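Enquirer: Can you make the complete structure from the sequences, with help from the hints?
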Amino acid sequence: MTKIVAVTNCPAGIAHTYMVAEAIEEKAKSLGYEVHVETQGASGVENELTSKQIAEADYVILAIGKGLTDSDKARFDQKKVVELPVSEALKHIDTLFDDLEGNSHVMTSSKVKLGADQEVVTEGIMSYLMAGVSAALPFVIGGGLLIAIGSLMVQFGMPNTPLAKGTSPSIAWVITSIGNLGFQFMIPIMGAYIAYAISDKPAFAPAFLVTFLANDSDLLGTKSGAGFLGAIVIGLSIGYFVKYFKKIKLGKNFQSILPFMIIPFVTLLIFGLLTYYLLGPAMAWLMSVLLSFLQNIPTSMKIVGGFIVGAMLAFDMGGPINKTAWFFSFSLLSSHVFNWYGIVGVVTLLPPMAAAIATWIKPNLFTKQERAASWSAFIVGSTVATEPAIPYALAAPLPMITANTLAGGITGAITILLNVERTAPGIGIFDPLLGLESPWYWFYLCVAIGLVLNVSFIIIFKGIWLKRKEEKEKQAA
Amino acid sequence: MTMFNIDHINMNLNGNTQKEILSSLASLAKSQDIVSDEDTLVQDYLEREKESTTGFGNGVAIPHARTNNVKATAILFGRSSSDIEWDSLDGKPVNTFISLLVPNDQGDTHLKLLAKLSRQLVHKDFVSILKNGTKEEVFAAINNVLEN
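So the sequences go chain by chain: A and B.
To convert, note that position 161 of the first sequence is 161 in full-length UniProt numbering; the numbers rise steadily by one, no gaps.
To convert, note that position 56 of the second sequence is 56 in full-length UniProt numbering; the numbers rise steadily by one, no gaps.
If you are wondering where the hints come from, they were derived from the structure by calculation, not from laboratory data.
Fair warning: this is a prediction, and the values are worked out from it, not measured in the lab.
One or more of the hints may lead you astray.
[Claimed, not checked] Some residues of chain B that are not near chain A, with every Cβ distance over 10 Å (derived):
1) 4
2) 6
3) 9
4) 14
5) 16
6) 23
7) 27
8) 38
9) 59
10) 71
11) 95
12) 111
13) 115
14) 132
15) 139
16) 141
[Unchecked claim] To give an idea of the interface, some chain B residues facing chain A are shown, with a C-beta separation under 8 Å as derived from the structure:
17) 48
18) 51
19) 52
20) 57
21) 62
22) 66
23) 89
24) 102
25) 106
26) 112
27) 118
28) 119
29) 122
30) 127
31) 129
For glycine and all other residues, C-beta sits at the position ideal for the given N, C-alpha and C.
Expert: Here it is in structure tokens:
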């Protein structure tokens, strides 16, 4: 007997997913086939296909309206697959079954095969991180451009009056504040979507809230949030935690409330407390150790110090390591030492600008979405914030962080050697024009050297990394 | 409030174009306090249609929306006196409409009911009642799906 499995989904998840599922079931049964249809609708995945059903199936029908995740596709590796848009499926349902063999192609997802109960292997992690990247990019683009506009307005003399009793805030402040929300929520959205990619809706809320907590220094009582590395750690841990949690059998009465009540509640409680009582203090401890380390660098070892501060600034872009180096440099301003803050002025420009330039030079190393975001990353990165570099780092943590850190370190050393001084925060690449960073010629030389290094490192490291990844997948396939 | 009651049916929807019909459905939704804003619903309908037609053939369309403009999950039913061009899968015009409206944060129970209803739409005898039945017959047929 011919055996068929199918997956249906659609944008809203309320109508076509089920109409098409029913149509496929009816048609297949009328032909005497064995059929199982998984629906991915608004209420989540139902009738999830087992690996046994998939293994035994002669054909896989994918009637898809909102795409499949990579791990979802990996289930059908090497199967004969018929793909069609869900919106068209009802039209083609009859002719489809006339020639399943002719309409199908063998799925090569180039991902490692997922056997019976074999867990997702390392390749899967990248697809989870990419889910975080594509969710976070619009936040950083929208928010970043608003902040850039707000900062420019202030630099051109418009008032920057915050909200306070008795005064109404200025438009520049309002725009910047709205933009800041983009940066603030980018991190929890990353954590949430990483977890969501691993174990679907039940993981979303706890991962969002816990990452928010971990990134909120006020709530945690630390001097810095956990940044995007925190989002990776939390997103992955909660994702896998929930994945196993979902398998618990609670009996008929409680099973139905497991995904939307018990799992979010228990996960939030456990990981929330862990973050508050372990991650928070651990970060505070790390920062104080790093800070006293920086403060104890002998003045004779300026170049080494410059390297370390530059490397730390570029390492986690807004995370605890970056914040410690920034804090160290910024606090020296009050003692009229301006050259360490000069490093901040130079190095924090590099990662986003370099990532953007790298997408222009070697577009094939980046996804379409990363390329599309490059202009915004360049403009925002060169003026107000390092954050636009974060999605690029998340998409390929090892090569991107290595490239940024190494380039940041070398540039930091050169910057302090040339004694570039910065007196106050401004608008990035234009600081010398505002008299905030001097001498201007050394500043621009340092930025230029930094960019050349950073872009080259990205292209080399990410190139090697992608090649290795490809080879690994080939071997595994 | 129930998902579907007899007042959710309009056997004589005003309009000669897709947009006019969707506006009539939206005003029906507004009059039943199903959505907060009528025009937003029309926009949501239109956007969904832009993605791909909801006319699945046989003269029936299922314009639907899942947004927070919707206050509570509801089903609307309507027929038009004239045939409406809907860019349907089979290319034929449409005169029977069943509209599903869902808030973004809808819980499982209601979604499962809508799923059941959607599944019925591929069955010829059910569709035939929608197309040719009286108001009472349509009401009974849809309720029958929701309650069993």
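Enquirer: Taking the closest pair, is the beta carbon of residue 111 of chain B still more than 10 Å from chain A?
Expert: Residue 111 of chain B not clear of chain A: closest Cβ-Cβ about 4 Å, inside 10 Å.
Enquirer: The hint names residue 57 of chain B as touching chain A; please verify it with the least Cβ-Cβ distance against 8 Å.
Expert: holds (7 Å)
Enquirer: Against chain A, run the beta carbon of residue 66 of chain B and see if the smallest gap drops under 8 Å.
Expert: holds (4 Å)
Enquirer: Regarding the assertion that residue 9 of chain B does not contact chain A, is the least Cβ-Cβ distance greater than 10 Å?
Expert: Given that every Cβ of chain A is farther than 10 Å from that of residue 9 of chain B, nearest at about 18 Å, it holds.
Enquirer: Just want to verify: residue 14 of chain B was marked as not at the interface with chain A; is every Cβ pair farther apart than 10 Å?
Expert: For residue 14 of chain B, whose nearest Cβ neighbour in chain A is about 24 Å away, the distance exceeds 10 Å, so it holds.
Enquirer: Please settle this one: residue 27 of chain B was flagged as non-interface, so is its CB more than 10 Å from every CB on chain A?
Expert: Nearest chain A Cβ is 21 Å from residue 27 of chain B, so the label holds.
Enquirer: May I ask you to test the interface hint for residue 122 of chain B with respect to chain A, counting a Cβ-Cβ separation under 8 Å as satisfied?
Expert: holds (4 Å)
Enquirer: Confirm or reject the statement that residue 4 of chain B sits farther than 10 Å, beta carbon to beta carbon, from all of chain A.
Expert: holds (14 Å)
Enquirer: Was the hint right that residue 129 of chain B lines chain A, CB cutoff 8 Å?
Expert: violated (17 Å)
Enquirer: Does the claim that residue 6 of chain B lies off the interface hold, with its Cβ farther than 10 Å from every Cβ of chain A?
Expert: holds (22 Å)
Enquirer: Minimum Cβ distance from residue 48 of chain B to chain A below 8 Å?
Expert: Constraint on residue 48 of chain B satisfied, holds at 7 Å.
Enquirer: At 10 Å, judged by beta carbons, does residue 38 of chain B keep clear of chain A as stated?
Expert: At roughly 19 Å from the nearest Cβ of chain A, residue 38 of chain B sits farther out than 10 Å, so the non-interface label holds.
Going down the numbered hints, you'll see the structure goes against 12, 13, 30, 31, while the others check out.
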